Structure formats: C-alpha cells, structure tokens
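Chemist: As a plain string of letters, each chain reads:
2 protein chains.
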Amino acid sequence: MPSETAEDDAKPFREFIGQPVSEVPTPALLIDLDLFERNLATLAGFMRGRKAGFRPHGKAHKCPAIGKMQLVSGAHGICAAKLGEAEVFVHGGITEVLITAEVVGKRKIDRLMRLVAVAPNLTVVVDNERNAVELSEAALAAKRRLKVAIDLNVGQNRAGLDTPQDAVALAQALAKQKGLELVGLQAYAGMNMHVVGFANRRVASLLALERAAATRRAVEKAGFHITLQSVGGTGTYNIDPDFEGVTEIQPGSYIFMDAHYRSIGGVDSEAFNDFGNSLTVLTTVISHPSAGRAITDGGNKALSTDEGLPQPKDLTGINYHPGGDEYGIIDLKNPNRRLDVGDKVEFIVGHCDTTVNLHNTFWGARKGVVENVWSIDARGRTD
Amino acid sequence: MPSETAEDDAKPFREFIGQPVSEVPTPALLIDLDLFERNLATLAGFMRGRKAGFRPHGKAHKCPAIGKMQLVSGAHGICAAKLGEAEVFVHGGITEVLITAEVVGKRKIDRLMRLVAVAPNLTVVVDNERNAVELSEAALAAKRRLKVAIDLNVGQNRAGLDTPQDAVALAQALAKQKGLELVGLQAYAGMNMHVVGFANRRVASLLALERAAATRRAVEKAGFHITLQSVGGTGTYNIDPDFEGVTEIQPGSYIFMDAHYRSIGGVDSEAFNDFGNSLTVLTTVISHPSAGRAITDGGNKALSTDEGLPQPKDLTGINYHPGGDEYGIIDLKNPNRRLDVGDKVEFIVGHCDTTVNLHNTFWGARKGVVENVWSIDARGRTD
Chain P
1 MPSETAEDDA KPFREFIGQP VSEVPTPALL IDLDLFERNL ATLAGFMRGR
51 KAGFRPHGKA HKCPAIGKMQ LVSGAHGICA AKLGEAEVFV HGGITEVLIT
101 AEVVGKRKID RLMRLVAVAP NLTVVVDNER NAVELSEAAL AAKRRLKVAI
151 DLNVGQNRAG LDTPQDAVAL AQALAKQKGL ELVGLQAYAG MNMHVVGFAN
201 RRVASLLALE RAAATRRAVE KAGFHITLQS VGGTGTYNID PDFEGVTEIQ
251 PGSYIFMDAH YRSIGGVDSE AFNDFGNSLT VLTTVISHPS AGRAITDGGN
301 KALSTDEGLP QPKDLTGINY HPGGDEYGII DLKNPNRRLD VGDKVEFIVG
351 HCDTTVNLHN TFWGARKGVV ENVWSIDARG RTD
Chain E
1 MPSETAEDDA KPFREFIGQP VSEVPTPALL IDLDLFERNL ATLAGFMRGR
51 KAGFRPHGKA HKCPAIGKMQ LVSGAHGICA AKLGEAEVFV HGGITEVLIT
101 AEVVGKRKID RLMRLVAVAP NLTVVVDNER NAVELSEAAL AAKRRLKVAI
151 DLNVGQNRAG LDTPQDAVAL AQALAKQKGL ELVGLQAYAG MNMHVVGFAN
201 RRVASLLALE RAAATRRAVE KAGFHITLQS VGGTGTYNID PDFEGVTEIQ
251 PGSYIFMDAH YRSIGGVDSE AFNDFGNSLT VLTTVISHPS AGRAITDGGN
301 KALSTDEGLP QPKDLTGINY HPGGDEYGII DLKNPNRRLD VGDKVEFIVG
351 HCDTTVNLHN TFWGARKGVV ENVWSIDARG RTD
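Line by line, the protein sequences are chains P and E.
Residues in the first sequence are numbered from 1 upward in steps of one, following this note's numbering.
Residues in the second sequence are numbered from 1 upward in steps of one, following this note's numbering.
Isolated chain P (complex conformation) (with noise of 0.2 Å):
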C-alpha cells in the first residue's frame, strides 16, 4: 500500500546529500560507500576468471539500485528471497532473477506468469510435483515455458528435496510438464554460511557440495541436462566457486557484513575480514539522565537482534543493550569518549538482512559526507 505521507516526506531527503553524515535524521542505515565499493570488487576481482559466475542475493539489500552496481561488478543475475522481492527488481529494470524458495498457489502463480511476460528468464525453484503441474499449467495458459530448478536439501533441513532419488523422480514428472523448463540445480548450504574456523566451514561445505553433485550425476545420468547448479553463500564464497559443476555461488552479505559474519573467522585470520562492515546504524544519545546512562534513538525496530548485538564504533568501555523497541540503552563503565545528548553512536549491524528490513532508507556516504539516498524498495516483501 503507498504511504501519502512517504510521499510527502521524501522530498527533504535530497537536501541531505552533501551533508556530513551527522545531519542525517536517526536512527540512520548508512553504507560507507568506500567499503561498499571495496567489497563489490573484492567478490568480483575473486571471481573472475572462474567456470562459476555470481547471482547476489538481493534479499540482503532488497534495493534495485544497490542491485543494478552487483550487475555491473560482474555479477550475471540477482536472486530473490521471494516473488514479492522479485516483482520488486523486475519493475526496477533487473530481469535475471532466480527466485530462492517455492511460489505457491493460484494467485501468486499468476503474478509469477505477468513477472515473466516482463522477465522471460525469471527462474523459481520447486521440490512439489503438484507445484510443478500447477506452474506449468499457468505458462501454457500464458503461452510461455517457464524455467525451473530442482531445490535440494544439502543439510540445512528447510526447503528442497532430500535424496538423489527424490530429485530424479520430480525431473521425470518436470519432463512430463509441457509449460516447464527445467534448467538445473539449487543446493544453498544455508547451514554452512556461519561455521566457526576457515577449515571447519571448508569441511562443512565441501560435504554440502558432494551432496549436490551426487544429486547431479544421478539427474544427468537419468538423461537430464543440468546448466544451473546455484550454490553457497558469502561464508563459503572462496570454498564453493571451483567444486565440479557448481555454475554460480549466491553471496548477499559480502557488501555489508554485519557483527556475526565477522565471528567466523577468515583463512588465515581470527576475524573473517574478507569484506569490510560496510553497513552501520547511527543513532543519537537522546537521554542521559544520570552518570551511568545514556540513552540512543536505536532500540529492536531500528538494530535487529537475532543474530546477536550490534556493536558500537569507536565507542569502548561501554556495554550496550537495546531498551525496548525504541531505544538503545548504553551503560558507560569506562568509556573512551564522553557522550553527551545530540552525540551520535554508530553500530555495526548485529545481522545485516534483518537490520536492512526495519529501515527504509540507505543513506550511501563517503568520507561522512552523504552521497546518496536509496530507497530500500523491497522492504517488507516477504510475500
């Protein structure tokens, strides 16, 4: 539903850019464009000259615009949590999408057929033969053959098909569906993505992709020609590429990291430092009402907390807790800086795909000057 006031209040944002950071109204998502622009190059630069190419998730930034810079890194596609994320960067000019999780149902299957109309390479995955008949059915009503692939479970115990078999069987009932196209393999090791140690998570992946593999050979051999094997995620993005017959890997958090992906660890170092946290929150100290306290604009509406806290910048000696849904809570035990109220504190993002989907606004700066404002278009479209 359009929001008559998001109107209205849209049109003071422009008066921001060219303003230091600190004028900005909090709580504020800002993207250190200098780190942004370094991870983008960094995933692109590792993949080049790989048998695999990269297809971002989008449900980490749920932005055409951020999307369209992941096109132009080098990226050959974007995928989409789901079909209302879809519609969201189709209608934004992205037209390669691969939608992660099942569309099911009438209706969203029609929606489904009208995105296509726009976007003929619009991928969905399916685990469902009755799925399946129904997609396949409305793109013979809308004269269309509509590219699908197999969702594989590799671990994770969500969505997807658990063995080999399973796989072949609903490859065997895909043939039978004229309106379909299937066109390969998705095995997302989501499990993987946080595994403590460089090692322990390359042990971890390494026996998700053998799951897959299998899964193809035994697809193949049923006579079946697989060009889509979409694999791992931003934890496993130097593990996975090179596996046999992986064709693309699906990182999202590389141009942000957040808090937790930080904790895994890296190669050859305690901190998984791959990619810069490019993604934080700055919040104000509203309230200090005493010695001990002070008291932020940023509480579990505007820092998500699923993933573990977000951590402040450049602020030490401090615990921080949010207060509620509204504020943060800042107990100053030996701080490093005195805080008074007006006084911004900048957080690391606990868990950037949930922190992401409270905000609306990207405030892109560089230097702590705004350079920009992106409008978080896909925000709430989970359905």
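What the hints contain is simulated information worked out from the structure, not anything from laboratory work.
It cannot be assumed that every hint is accurate.
The list treats identical chains as one, so a pair stands whether inside a single copy or across any two.
[Claimed, not checked] Below, in silico cross-link-like pairs of lysine to aspartate or glutamate (EDC-like), each with a Cα-Cα straight-line distance of 16 Å or less: (1) K68 to E96; (2) K147 to E137; (3) K367 to D306; (4) K106 to D343; (5) K178 to D274; (6) K143 to D274; (7) K344 to E307.
Quantities reported herein were computed from a predicted structural model and do not represent experimental measurements.
Put chain E on the given structure of chain P with help from the hints.
Modeler: Positioned in the frame of chain P, the structure of chain E alone reads:
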C-alpha cells in the same frame, strides 16, 4: 522514500475485500476484527467513568486508521514513539499526540515545529535542560508555545530523570524558557508490563506509581501546575488508572495482544485473557519434502522473535522455529491435521509491536472474510 512498485502493487489489494483470508498473499498480517473491536470496547468500557483517561500507544499499530478507531472508542489522544511516527499520525488526521521519547537536535526540532503548526496540542517529553533550551528557541522563533512533559525514570533505567530533585530542577529550568509550557509528567514503567502474576505486577506497578507521585508532589510543591501524568500500559491497565494523580494510561498492545502477553497471567486466571489475540500471521506451506517436516513462507522477516516464538493456532503436535529470515520450519511430531503444500498455518504473534513493524499491510477479516486493508503508514518510522 516512496516506492514506485508499492504504487503498482496497491491496486490489486482491493480485489481481496470480500474474499476468504486464504486468498491473501502470505505471509499476511491478519486482524480478527471481532476480537479487535472487542478489545477496543473492553478497554474503553473499563476506563469509562474513571478520572483518568487513556491515550493508546500508536507504536503498536503505526496506522492512523486504527488510531482514529481508538479515538472513537473514547481515547483522548494517541502516543507516538518518535517524531517520524507522530508525523504520520498528524498527517493522517490525528492531532492530539504525545511523543513519548525525547526529540533531540536542530533538524528534528525544526520538523517538530512544522508539526506543531498543524497540531498545536502536540506534546513532547523532555529530561534535559539543553534540549529544553533548543526546543524553546525553536518555539519562540515559530511564535508558539510548545507543550512539554518531564520524562521520569520510575525503574526501567532508560530515558527519564531519576529523582524528584532532578525533576524539580528541570521544571525550574523550563519555567525560564518562554517558548515552553510545562503540562506534566510522563512515568512509563515498561519493566512492569510483563511481570508474571497479577499480584506481583500490582506490587511492582504501585511502587513505580508511588515514585511518580512523589515527584509530582515535589514539582507541585515547587509551584508548578501539573495537568498531565501519563503512565502505564496494557499489562497494568487495571492497576494504574485509579492511582493518585494519574491522568492517563498509555496502553498499546491491548488491541492485538501476543503470545508473550498471554503468559503474564490475569486477575483470576493463569493466562492474561482480558483481551483476545486478534493479531496473527497467516503463512503458507511452500514445501513438504519429507514426512517429518513442512516449510512455511514465514521466517524472521515476517514474525519477530525478540520476546519469544510465535505460536501456531489450531495446530498441535508440532514444533515450530524460524528457518532463517524467509522460512518457518514445522517439525511434524504428531500433528492434529495433515499439512500439504498450499495449506495455511496461522500463528499468534510472539510480540505484536515488532511483528507489525515488519509488515506493510494489515488485513482486517471477520469470520475468515477480508473486510478491509489498512496501510501501516508509520512502518519503519523510527526517526
């Protein structure tokens, strides 16, 4: 920032009115209108004839349409958690607004004064002299007197002054600011709302109320006239209104309730069932890859877990947990009904405020049929 795609997607919403809720795109935030209206009436009935009034907290719904229904039910105003939320309410036609967090910094104060031009009774809390001076200067520049209430800490150790002496000192400082009119005190005891057991909750609330009353007496003794003493919420709605000096309560969750609130217990019952669970999230089973698990389309981005898990309605013999941000995982131990791909699973939300903030739209339904669609206009407006 306005979303072009939100515009595009608005039109189809109307087609769902008169349809069964099962037709609505999921995950969908549903309001059971029978329960919701009963909740409105229950609180209004309890407050009728009492000296204190009620000013429901709009942070729970972020929706001017619902705020107006609360006014019709007898509320004398609405609370807003932040300036951004107040802007949405005022632009939506609600002018009796108390902003319950401090508004700090020149740019926000300028916005505040633009809002006061539309809503002269707008009241804001203060707990800091420097902030008060800035508010006063802006009000004088706008040729207005801004209504302010002193924010008190009555045990939550968040924003608000700790002692009667601090409050008297601030009242005296406010008196020198010609742009301000001190109308009273805010003493919200958020830490008491979820105290388990009515007797325990009553004792805790009376302690906080007495702490606020002592401050009011000290401020009045210092020569100030107090016409506003704003306290309490849903958990103490039947404890606070008759306490000495209280002029209003700030209940938010009573219209919706949630799983967490139910657990606190009522006057004569183990569950707090004074109000019904009118707010649910409808999800769809999008995958059922093996006998033991069904996967829904509702994860952390559709159902908040900051105060505990959502609870499935009409579904027993299962375990539910979020499968990341986009999925729900239902472990089928001994389910009371069969779940197929395409079937719906409805959840009582774990925490209403943070779940509402994840969605763009309320779907109001009566006896399973969609009756209206309300935009959550202040979603994400933590600024």
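Chemist: What label fits K68 with E96 when the C-alpha limit is 16 Å: within, between, both, or neither?
Modeler: Classified as within; 11 Å inside a copy, 44 Å across copies.
Chemist: Checking K344 and E307: alpha-carbon separation at most 16 Å within a copy, between copies, both or neither?
Modeler: Cα proximity of K344 and E307: none, with 24 Å in one copy and 28 Å across.
Chemist: Using 16 Å as the alpha-carbon threshold, which applies to K178 and D274: within, between, both, or neither?
Modeler: neither (45 Å within a copy, 56 Å between copies)
Chemist: Checking an output row: K147 and E137, CA cutoff 16 Å. Within, between, both or neither?
Modeler: within (13 Å within a copy, 63 Å between copies)
Chemist: From the Cα coordinates, with 16 Å as the cut-off, is the pair K106 and D343 best called within, between, both, or neither?
Modeler: between (52 Å within a copy, 12 Å between copies)
Chemist: Up to 16 Å between alpha-carbons, please classify K143 paired with D274: within, between, both or neither.
Modeler: neither (46 Å within a copy, 55 Å between copies)
Chemist: Between the shortest in-copy and the shortest cross-copy C-alpha distance, which are at most 16 Å for K367 and D306: within, between, both, or neither?
Modeler: Cα proximity of K367 and D306: none, with 30 Å in one copy and 34 Å across.
In terms of the numbered hints stated before, the structure departs from hints 3, 5, 6 and 7, listed from lowest to highest.
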